[in-house]
Every structure is written in C-alpha cells, then in structure tokens.
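So the sequence lines, in the order shown, correspond to chains A and Y. In this text, residue positions in the first sequence follow numbering that gives the first Met the number 0: the first is 0, and each later residue adds one. In this text, residue positions in the second sequence follow numbering that gives the first Met the number 0: the first is 0, and each later residue adds one.
What the hints contain is simulated information worked out from the structure, not anything from laboratory work. C-beta: ideal position from N, C-alpha, C; glycine also. Any given hint could turn out to be false.
To give a feel for the contact side, a few chain A residues facing chain Y, derived at Cβ under 10 Å [stated by the list, open to error]:
1) Lys91
2) Asp186
3) Ala285
Simulated crosslink set (EDC-like; lysine to aspartate or glutamate; CA at most 16 Å straight-line) [stated by the list, open to error]:
4) Y:Lys46 <-> A:Asp182
5) Y:Lys46 <-> A:Asp178
6) Y:Lys46 <-> A:Asp179
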Amino acid sequence: MKVRQTLLAYALLLPGLGLILVFMAFVLGMAISQSLGFFNFSGESGFSLRFWETMLADHQLWRSFWYSLRVATLSAILSVLLAYPLALWLRKPFAWSGTISALLKAPLLVHGLVAAFLYINFISFQGFLNLALVSTGLIERPLRMQNDANGIGVIFLQVWKQMPFALLLLTGAVQAIGDDILDAARDLGANAWQRFRKVVVPLTLRAMQGAIILIFIGAAGDFSFQVVAGPTNVNSLSQFMYRIQETSVDGWNSAAVVAVLLMATALVGSVLLAGAVQLLSRLGRA
Amino acid sequence: MSKLEIDRAEIRFGSYEALKGLSLQADDGQFVTLLGPSGCGKTTLLKAIAGFLPLDRGTIAIDGRDMKGVPPERRDTAMCFQSYALFPHLTVAENIVFGLRQKRLPRAEQVARLAQVAEQVSLQAQLDKLPSQLSGGQQQRVALARAMAVRPGVMLFDEPLSNLDAKLRDQVRLEIRQLQRAHGFTAIYVTHDQSEALAMSDKVVVMNAGKIEQVGTPEDVYKRPVNRFVADFVGTANIVPVEIVGRDAAGGTYAVSTPMGPAQVRSDEPPIADRVYACWRPEDAALMPGDTLGDNIFRLAVRARTFLGNLTDVSIGAAGGAGPSYRVQTLGFADLLEGVSYSFHVPPDRLRLLKEAVA
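Using the sequences provided together with the hints, build the complete structure.
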C-alpha cells in the first residue's frame with residue numbers, strides 16, 4: 000500500500016517534474032555528447048577527446064574563463080553588498096518607502112540590451128557624461144570610457160540590473176527578523192555592526208546565498224552586456240562559445256566544450272561562493 | 000544592584016501621550032512591578048528605561064547617572080522579552096553567552112557564568128539545543144538566563160510569563176523571585192496580571208493612561224486602593240458612592256450613607272469630600288445567621304450563586320432585582336437560595352473610603 004502510494008505521488012509529479020528533467024537531460028546530454036565528438040555536423044561522429052584537448056590548450060578560452068569568473072564573482076558580491084544596506088533601510092515602512100522600493104526595483108523591468116545601450120549612450124566618447132564633464136570644465140577632452148579593458152562597464156551593468164533582484168530577496172528576509180531579536184542583541188551590548196554580523200547576516204544567509212548563486216550564474220553566462228559594453232580584447236565565455244561555433248571547422252563540438260565548461264563554472268563557482276559566504280558568516284558571528 | 004530614578008518622564012507618539020510626566024523610584028535590589036491594562040504605558044516606560052525609546056521630557060537615572068543619550072548597549076540593564084527574543088540560529092549556550100562575548104569577558108569567566116546560570120534555571124541538558132527544539136517554559140528560562148548572565152544592575156521583564164500555561168507560570172514566577180533575591184538585582188517587571196504583581200513585588204506601581212494611579216506595597220494597593228481604578232483593577236471590588244453623615248474624628252470612624260444602607264467606616268485619613276466613593280472586597284463580607292440586624296449589616300437578596308470549589312461566588316442586591324449588584328465570596332459551599340434575602344456584615348475597617356469624590 001505504501002509503495003503504491005509513493006509511486007502514485009511520483010506519477011502525479013511526473014507532468015511537471017518530468018518535463019523539466021527531460022529538457023535538462025536533453026540539453027546537458029546534447030552538450031556533453033557533442034563535446035565528446037558525438038552529433039558532429041561537419042564530420043564523422045564518435046567518441047573523441049580531441050575537442051577537449053584542443054580547447055583546453057586554447058589560451059583565449061582561459062582568458063575568457065578567468066574574465067567571466069571575475070565579472071560574475073564581483074557582480075554577485077557587489078550586488079549583495081549594495082542590496083543589504085538598502086534592505087535594512089527599507090525594513091520598516093516610512094513615508095515614500097513604497098515608492099523608493101519600487102524605483103529601486105525598476106531595473107528588473109528594463110531589458111539588459113536596452114540598459115547596455117543606454118549606458119553606452121551615457122559614457123560614450125560623445126555621450127552625456129563626457130559632454131557634462133567638458134562643459135563644466137572638469138576635463139578638457141572627452142575620456143575614453145566605452146568598452147574598458149577591465150570590464151568595469153559590464154560589472155556596473157550587472158550590478159545595476161541584478162542588485163534589485165538581491166534587494167527583493169534580502170528585503171523579505173530582513174523584514175522577517177523580529178524587532179525584539181534586534182533589540183535583544185542591542186540590549187546585550189551589540190552595536191550596529193555587531194548586530195549586522197551576528198544576527199542579521201546569519202538570519203538572512205539563505206536569502207543572500209540564493210541571490211549570490213543566481214546573480215553569479217546569470218553574470219557568468221552574460222552575452223548581451225559583454226557584446227555591447229564589454230572589453231574588445233577579451234571575450235566572455237558565452238561570447239567565446241558563439242565565436243568558436245561560427246568560426247571553427249568543428250564549431251558545434253568545440254562550442255559544446257565551452258558550454259560544458261560554462262555550466263561547470265556556473266555550478267562550481269556559485270556553490271563555492273555560497274560556501275565562502277557561509278564560512279564568513281560563521282566567522283563573523285564568533 | 001542599582002538604583003533607578005525616573006523623574007517626570009514624558010513620551011509622545013504624534014498627538015498620543017504615552018507617558019504623562021511620570022516619576023518613580025526603584026531602590027537597590029527592589030522588585031518593582033508596573034501593573035496596568037493594555038495601552039497604559041507600562042511597556043513604553045520599560046523600553047524607555049532600556050533605552051529603546053527616548054524621553055521627550057524628564058530624566059531616567061541609573062545609580063545617579065542620567066541616561067539621556069546613552070544607547071541601550073551601554074546601559075547597565077538587561078531585558079527579558081515577552082516573546083523571549085532568543086536568537087534562533089544560536090544554541091542555548093551561545094544565546095546565554097551572547098552578552099558576555101559582547102562585553103569581551105575572558106573565556107573562563109564566560110564558561111563559569113554559563114555553568115552557573117544554566118544550573119540555576121535547570122538548563123544543563125539543553126545547552127546544545129537550538130531554541131526551536133525547546134518548550135515554551137524552557138525558552139523562557141533561556142531568556143532569563145541570558146539576561147542574568149550579564150549580571151545587570153537593573154533587570155527588565157516585559158510580561159515574561161504571558162505565553163506560559165497557568166501551572167508553568169506559577170512555577171517560573173517563583174523561580175524569578177528566588178533568583179532576584181539570590182542575586183539582588185533591581186527588577187522592573189511589567190504585567191497586566193494583578194495576581195503576578197501581588198505575589199512577586201516589593202512595590203507595585205498601578206498605571207493607567209500614561210499616569211501612575213498608585214504606588215505601594217502589594218498589601219497597600221490591595222487593601223488601601225486610592226481610587227476606583229485601582230480598587231477595580233487590583234482584584235475585585237464592590238464600589239459604592241457614600242455620603243459622610245457623621246464624623247468621629249478622634250476615633251477615625253465615620254457614619255456614612257450607602258446604597259446598601261447606613262454604615263460605619265473606620266479610616267486613618269479623613270475623607271477628601273462629603274460625597275466620596277468607598278469600596279469593599281468580596282471576601283470582606285460575612286454571611287450572618289438568620290435575620291441578624293446591626294451596624295454594618297445589610298439585608299440583601301441573592302441574585303445568582305456560583306460554586307467554585309474552594310469558595311462560593313454570590314451576586315447580591317436589593318430585593319426585587321432593582322439597583323446595583325454586589326459580589327460576595329464565602330469559603331466553601333454556601334447553601335443560599337436565589338431570590339431570598341440574607342444578612343451580610345462588612346466590618347467598618349473593611350469598608351474603605353477612596354480618595355475620589357463623587358462628581
């Protein structure tokens with residue numbers, strides 16, 4: 000009877016969960032298979048490690064890997080760091096707090112490409128910022144800020160776009176902490192910074208980890224910000240994957256290697272970052 | 000141990016006056032209870048003492064030091080919250096030593112104090128558990144231990160027993176009082192439960208609408224209430240308007256006219272007006288045999304009777320059902336018939352004149 004009920008429960012889950020699993024398995028299976036030489040559209044299909052060997056020896060892949068890793072890590076950390084004080088500020092309602100909260104979350108409604116073009120308009124050689132700086136006499140000649148080599152523009156766009164998401168998650172978590180808990184910490188001698196380290200961070204850790212993981216994964220796989228506002232001397236992993244697929248003879252199979260690496264980076268990187276945050280939280284409350 | 004002095008404290012929330020120039024003193028090691036109905040300002044006062052709410056006017060001083068501008072984390076107070084406010088991510092032991100870590104006490108001292116308070120509140124077996132794994136009573140003990148561990152000069156209790164069942168409430172009430180006596184800290188205890196206030200306190204402060212109505216020992220506020228509010232809020236009272244018709248100032252006895260009939264009242268203090276309110280407690284009236292008549296004996300009919308086990312609660316009033324009802328409690332079972340008149344005696348020293356004139 001119990002076995003039957005368990006099977007029935009799984010059967011009921013199948014329409015939703017099954018579809019997700021099938022699609023995931025299909026995409027992952029396809030990417031891994033192609034990276035191992037199967038489904039070769041331009042030659043003989045069959046198991047081979049040569050695509051991995053070729054790609055892993057490619058200097059540009061590693062430049063893309065480290066670049067994407069840096070952009071994703073910094074974007075996730077900065078987004079959360081900016082979201083925390085705002086979430087604490089908006090913890091209790093005050094006049095106009097609803098409007099402020101809505102405005103802060105407005106970037107969620109703006110598509111990444113639109114944001115990237117607006118940003119370019121703002122910082123380009125003849126953009127608003129340069130015009131303003133020149134007209135006020137702060138600089139004599141316009142500055143070259145577009146497509147900066149360090150990817151600062153991409154990180155800025157990532158934070159602009161993703162911080163509201165972190166804020167959304169953290170606001171709920173921070174609001175769930177009772178006033179009495181914070182008052183108790185204060186009563187027992189904890190100042191504002193100690194209350195943040197020892198009470199707020201541990202009690203909002205899950206929300207923070209969720210925000211970090213999702214922002215990291217999104218930023219690691221960024222394509223649109225990178226293409227419009229990113230540096231021209233280095234590709235992001237997704238940009239590199241697209242380029243390899245278009246320009247290489249074994250394009251699909253080589254791109255599949257980059258895709259698998261990108262997915263592994265997103266998975267391992269986000270888990271490591273979430274783990275690091277947990278460790279820091281533990282050390283912080285000691 | 001610390002001395003707490005509150006002088007003309009005022010707090011406003013917009014146009015609402017939560018505290019109206021309230022003054023109070025708690026001596027070293029005294030157990031002071033703020034007693035009053037919801038919204039009377041007792042928790043506001045407690046939060047002001049802790050430093051969570053600033054005073055708009057007046058001062059709060061601990062050991063003679065004005066607390067104006069001193070944040071809660073730097074006051075010599077510790078609070079036991081109504082909700083317990085335990086840190087859910089920390090174990091019982093970590094909760095208890097939280098304040099000690101903030102004070103950067105040596106580790107050996109932290110361990111020693113943890114062991115001491117854990118033993119005092121019988122939590123030795125629960126130290127590694129999270130608050131969510133404890134019962135309500137155990138959580139309350141953790142909150143108490145956490146506050147006690149920092150050995151504050153003034154301990155603040157915000158209705159700490161209100162979430163416990165009746166039996167546990169009695170037990171923890173006793174424990175708090177024992178711990179307070181053992182450690183000698185000054186305690187400010189907020190409650191709306193008059194039995195808690197009477198059982199635990201050295202001094203009871205009865206509050207109403209942001210003001211103090213009466214300050215005194217539990218016996219004072221119960222036996223010698225100053226006005227109708229105190230008489231009615233602390234215990235149960237029969238309150239009647241009386242008119243002073245004769246005075247024997249030398250002996251402190253007054254002849255009064257009451258709705259129940261003429262009576263004698265013995266009072267140390269003279270009445271504040273010719274027409275004042277007087278009160279008597281349900282247990283102060285004695286049922287007299289037969290048709291006894293005499294001073295302070297009233298013939299009143301039984302309107303309702305409820306047997307409560309250890310006593311019988313009787314509602315009495317003028318025969319025929321018109322006029323006010325009075326409450327009388329007699330020990331054990333009273334074989335009284337509803338609608339029948341009996342003689343009830345209220346001794347002159349139990350019929351008390353309140354310091355409130357009839358408008």
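Hints and how they fare:
no.	hint	verdict
1	Lys91	14 Å, violated
2	Asp186	5 Å, holds
3	Ala285	8 Å, holds
4	Y:Lys46 <-> A:Asp182	10 Å, holds
5	Y:Lys46 <-> A:Asp178	12 Å, holds
6	Y:Lys46 <-> A:Asp179	11 Å, holds
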